[in-house]
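Undergrad: If you read the protein sequences in the order shown, they are chains A and B. All the letters of the first sequence, read from the start, carry residue numbers 4 to 160 under this note's numbering. All the letters of the second sequence, read from the start, carry residue numbers 359 to 518 under this note's numbering.
The hints are simulated quantities; they were obtained by calculation from the structure and are not laboratory data. Please note that the accuracy of each hint is not assured.
[To be verified] If you want the footprint, here are the derived chain A segments under chain B, 3+ residues with CB under 8 Å:
1) 28-40
2) 139-148
[What the hints assert, rightly or not] Label pairs and their calculated CB-CB ranges:
3) 487(B) <-> 69(A): 29 to 39 Å
4) 90(A) <-> 380(B): 45 to 55 Å
5) 412(B) <-> 96(A): 46 to 56 Å
6) 42(A) <-> 508(B): 12 to 22 Å
7) 33(A) <-> 487(B): 41 to 51 Å
8) 85(A) <-> 449(B): 13 to 23 Å
9) 396(B) <-> 88(A): 56 to 66 Å
For glycine and all other residues, C-beta sits at the position ideal for the given N, C-alpha and C.
Each chain is listed here by its residues.
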Amino acid sequence: MPAKPPEAAVLDETDRRIVNALQGGFPLVDEPYREVAAGLGLNEAELLARLERMLAARVLTRFGPMFQVERMGGAFVLAAMRVPEADFERVAAQVNGLPEVAHNYRREHAFNMWFVLATETPERIAAAVEQIESTTGLPVFAFPKEREYFVEMKLHA
Amino acid sequence: MPELDDIDRRLVVATQAGLPLVPRPYDVLAQQLDLDAADVQARLRRMLADGVIRRIGAVPNHYAIGYTANGMTVWDVADARIDALGAAVGALDCVTHCYRRPRRLPDWPYNLFAMVHSSNRAGVEEKISLIARLLGDACRSHDVLYSSRILKKTGLRIAG
Chain A
4 MPAKPPEAAV LDETDRRIVN ALQGGFPLVD EPYREVAAGL GLNEAELLAR
54 LERMLAARVL TRFGPMFQVE RMGGAFVLAA MRVPEADFER VAAQVNGLPE
104 VAHNYRREHA FNMWFVLATE TPERIAAAVE QIESTTGLPV FAFPKEREYF
154 VEMKLHA
Chain B
359 MPELDDIDRR LVVATQAGLP LVPRPYDVLA QQLDLDAADV QARLRRMLAD
409 GVIRRIGAVP NHYAIGYTAN GMTVWDVADA RIDALGAAVG ALDCVTHCYR
459 RPRRLPDWPY NLFAMVHSSN RAGVEEKISL IARLLGDACR SHDVLYSSRI
509 LKKTGLRIAG
């Protein structure tokens, strides 16, 4: 955690209803925002303005299609390492240097480095793991997803 | 594996940063890609049906909406019961991602991963108790790993 937690953005009830309504099922019609706005009792311009504001304020990180890399022939694998504290910065730089590393988080645990490898083919995951192991001198534990239990985010209005 | 043609890939590249915030977003994409607007909608509909697109929607930033404590909870759940229980854990309001992953014995005994978000750690701990009750005797042990720093974060990028 940062020393001081970031301020939570102020969302009013309408913002929360918008975020909840936009969890999925965005219409594939000529004027989709108008349709969503009508369902929420808003007008299209207000919905667009609020979406723009929430994206600018980083309340939303994205609005659009969420792609499943695996279904495009690519692979997305969570992996972890136990990095000695004294080597942490060096290893973080080496791991982050690989373009295949999409996210990397420090976590409070003996397994203190958790990252996601994203490659265009499943075969390249093994090559990336090997490269990290040989560069850092530490074993990499890969945790490929075996099954996903579907969830969606719900904000309480 | 669904087949994606070149036009599909261009559509993925054009939308991976987001959908245009204009009244007719699919028309804007069609113009950018020199396609017909109906074709853009039809291709997105097919990719949704094939699972290439999981959903079209908004991705909230957990920190910004007040969930500043983010714990990766991990559970050692009996293999025979994990799928039914995993679905139940995934259905909880407080869980945003829930996956079955392989154990790495003897270093790592956990096969169920559930991300739990709350405004503080006490809130995460409360939710961990809730999950523990739900799993009951199917769970042998569990742990929670709090994130303490983002070391790298890049969006998904596929080559154009």
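Undergrad: Against which earlier hints does the structure fall short, listed by number upward?
TA: 5, 6, 8
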